[in-house]
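**Q** Single-letter residue listing:
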Amino acid sequence: MSFLEVTAFLANGFVFSLIIFAVTLLCGVPLGLPIAFCSMSRYKPVKAVSKVIVWIVRGIPLMLQIFIIYYVPGLLFKTPIFSNIDRYIISNFNIPDDGLVRMLLINAGSLVSVLIAFSLNYACYFSEIYRGGIESISKGQYEAGYVLGLTKSQIFRKIVLKQVIKRIVPPMSNEIITLIKDTALANCIMIPEIIKQAKELAATKAMIWPLFYTGVFYLLFVGLLTILLGRLEKKLSYFN
Amino acid sequence: MSVLEVKGIMKSFGKTEVLKGLDFSLEKGEVLSIIGSSGSGKTTLLRCLNFLEFADKGTISVNGKTIFDGDSLKKLTDNEIRENRLHFGLVFQSFNLFPQYSVLENITLAPTLLNRGTAEEIKAEAMALIERVGLSDKVNNYPCELSGGQQQRVAIARALALKPDILCFDEPTSALDPELTGEVLRVIRDLKDEDSTMIVVTHEMEFARNVSDKVIFMADGVIEEMGTPDEVFLNPKSDKTKNFLSKDIEKV
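First to last, the sequence lines map onto chains A and B.
Counting from 1, position 30 in the first sequence corresponds to residue 30 in the working numbering; the numbering is continuous, with no gaps.
Quick note, the working numbering runs 1000 ahead of the 1-based positions in the second sequence.
By construction, these hints were calculated from the structure, which means they are not laboratory data.
Watch out, some of these pointers could steer you wrong.
[What the hints assert, rightly or not] Quick partial rundown of chain B residues pointing at chain A, CB under 8 Å, derived from the structure:
#: 1; residue: M1001
#: 2; residue: V1003
#: 3; residue: N1050
#: 4; residue: R1085
#: 5; residue: L1086
#: 6; residue: S1094
#: 7; residue: N1096
#: 8; residue: F1098
#: 9; residue: P1099
#: 10; residue: L1109
#: 11; residue: A1110
#: 12; residue: L1114
#: 13; residue: G1117
#: 14; residue: L1146
#: 15; residue: L1162
#: 16; residue: K1163
Given the structure is predicted, the values throughout are model-derived calculations rather than measurements.
Here a beta-carbon is modelled for each residue, glycine too, at the ideal position from N, C-alpha and C.
Okay, chain B solo, but in the shape it has when bound:
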């Protein structure tokens, strides 16, 4: 059974159709990279999965259970939306750490408010996560004292603390200096080794190619091409994909 199944997702903002019916599924432990030029709807798709936007049509199922159906959208209560969100984690392009909280507090805040265990358990788990993202020496620092790469690693630990079924990354390295992207991508790669299911919207083609099990190329709100990294990167079928990938090579 797929951990995530997305069917016919459509989303418009006013008259602009951003997502024009997307279907894909994801198995447990898989890493899906979504590539494509700006404005192709990648971020909107992630935001629909995390219920920051609500798709107009289509269904989202997690572990076989339909958690979203565009036809019965109005029936979802705030509490149901919150519970649905917890199937997903989201790491933002701009980190969005809570500035008034230390690294540790950023990670423990949500588990504490959601009563995910005793204070000691939550702290112990948070410390383990901080170690995993390599920031054990920054436990009590505040976000303003960290580099962008370190902040993003905290954000990853914060998302992991709630043990989401699927962890989403929205261009996690786009706001970082080039020399800092490596440390963040390494953390994501390590997560793959631990069997986390992830969706990564990225412009890092090397990363998408080497780390993902599945790649989706999006253009103009549709899935233009989907397959293994080799299929998409080495034998793209659609002209749009070929065009996009050749531009990426030109750039280099």
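Next comes chain A alone, as it looks inside the complex:
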């Protein structure tokens, strides 16, 4: 296999990494907010439930959570739900013989389970960042809003939110950069993300260098993220 062929083969895998990355952010960023509010709730049971969930999700390895989401529904319903989806698609759709579309279709069910696990996991981490950010806003900001006759929701949306965003950009950047590297964990249930692809080459073509070459993909993407997140941070640096 030529260098370009290897690159293309790995790039297909990196598409899976990027899908997991994008969907996790798309679901995890908003989902973290209600979890954060529950963790700060005045109602003790709500707060307790939320804290226990966050404790469990942050307390066990993400790889184990992927296994749990992938296997446990199958054990409960006595049939492997996510691999059934894969099998259903394989037997009912016209699958191309090779290429990215084929990879996506035959792994769709397993991919869904990974996306659920990642979104839940990251939502919990994000929720703790949000909570820290919200709690760091001084009481005076709320009180200034109250004495100006604003509602709680106006105070949150118009006064507190932007200050929270400014404060959480650095820790969120950290998590986001960790996320793209964590996507490699999907290979534990045979999702053909980039490292799985490289291992495939090692196994079938006896090529080991592509495994190390995958680092370049991550580095380029993390470089891009660093620039974008740095810009966002700079854009919010006009106030304290």
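For this one, chain A is given, so just place chain B on it according to the hints.
**A** Okay, now just chain B, sitting in the frame of chain A:
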């Protein structure tokens, strides 16, 4: 009719009684200064007037209408509390400007959200207020670019933008360097000339004496002495007042 009438206000935090039954009233255009040592309940009183705390007992009436009654506290909805708050403005010791908004936006935010007019009207009024507090050259600056005195003047303009019946100041100069207190006190003095009704909690005795129509000396949660500045400063009746005022002179 008094613009503000406060009767029997009591407030406890846990077992600590902070306000032990206060009565006073204020006429339109009057300036009331509240003096007293730290922990005497001055700030708590202002916070009760602005509904940042809720008094346990007593009534607060504005323009003859009772807006707060400790006995029926539970019945107030969030909306009623918000409307009641709008009778009062509050200028904080620590300014509490909104850092992400410019001077102009800090002032226009609440009137805009409360639909107090068209965008042009609100902006024109805000510009007039900014001029009044002498910050016309800082309209588009952000709070972090202003000195403490300038920030406090913006905070005053922000409170005035909602045209409260009574404007309260909670130690407005305590967080300022001595050379900056003058500019803030001058703004408050100018407001008096324009007939604003104000309550000023302050440690600036000179200011209290020269600007107020009425002075209250608070000690241990009660009004120890109340009267015109001359009565309180020149002929204090209570020993606690005498003691407090003599300490202030000693300090100088």
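**Q** Does the interface hint hold: is G1117/B within less than 8 Å of chain A, judged Cβ to Cβ?
**A** violated (15 Å)
**Q** Hey, does the N1096/B contact hint survive, CB to chain A under 8 Å?
**A** At about 4 Å, which falls below the 8 Å cut-off, the nearest Cβ of chain A leaves the hint on N1096/B intact, so it holds.
**Q** Is the hint on K1163/B kept, meaning its closest Cβ partner in chain A is under 8 Å away?
**A** violated (11 Å)
**Q** Does the nearest C-beta of chain A fall within a distance shorter than 8 Å of the C-beta of L1162/B?
**A** Since the shortest Cβ distance to chain A is 6 Å, the answer is holds.
**Q** Would you check whether L1086/B satisfies its interface hint, that is, whether its CB is within less than 8 Å of any CB in chain A?
**A** Constraint on L1086/B satisfied, holds at 5 Å.
**Q** May I ask you to test the interface hint for A1110/B with respect to chain A, counting a Cβ-Cβ separation under 8 Å as satisfied?
**A** Status holds, d = 4 Å.
**Q** Less than 8 Å between beta-carbons is the criterion; does P1099/B satisfy it with respect to chain A?
**A** holds (4 Å)
**Q** Can S1094/B be said to touch chain A, with a Cβ gap under 8 Å?
**A** Status holds, d = 6 Å.
**Q** Identify whether the interface hint at R1085/B stands, where standing means a beta carbon of chain A within less than 8 Å of its own.
**A** This hint holds: R1085/B lies near chain A, its Cβ roughly 5 Å from the closest one there, short of 8 Å.
**Q** For the hint on L1114/B, just tell me whether its beta-carbon gets within less than 8 Å of chain A.
**A** holds (6 Å)
**Q** Checking hints one by one. Is M1001/B an interface residue toward chain A, by the C-beta closer than 8 Å rule?
**A** violated (24 Å)
**Q** Would the hint on V1003/B be counted as holding, given a Cβ-Cβ threshold of 8 Å to chain A?
**A** Hint on V1003/B: violated, closest Cβ of chain A at ~18 Å, above 8 Å.
Going through the hint list in order, the structure does not satisfy hints 1, 2, 13, 14, 16.
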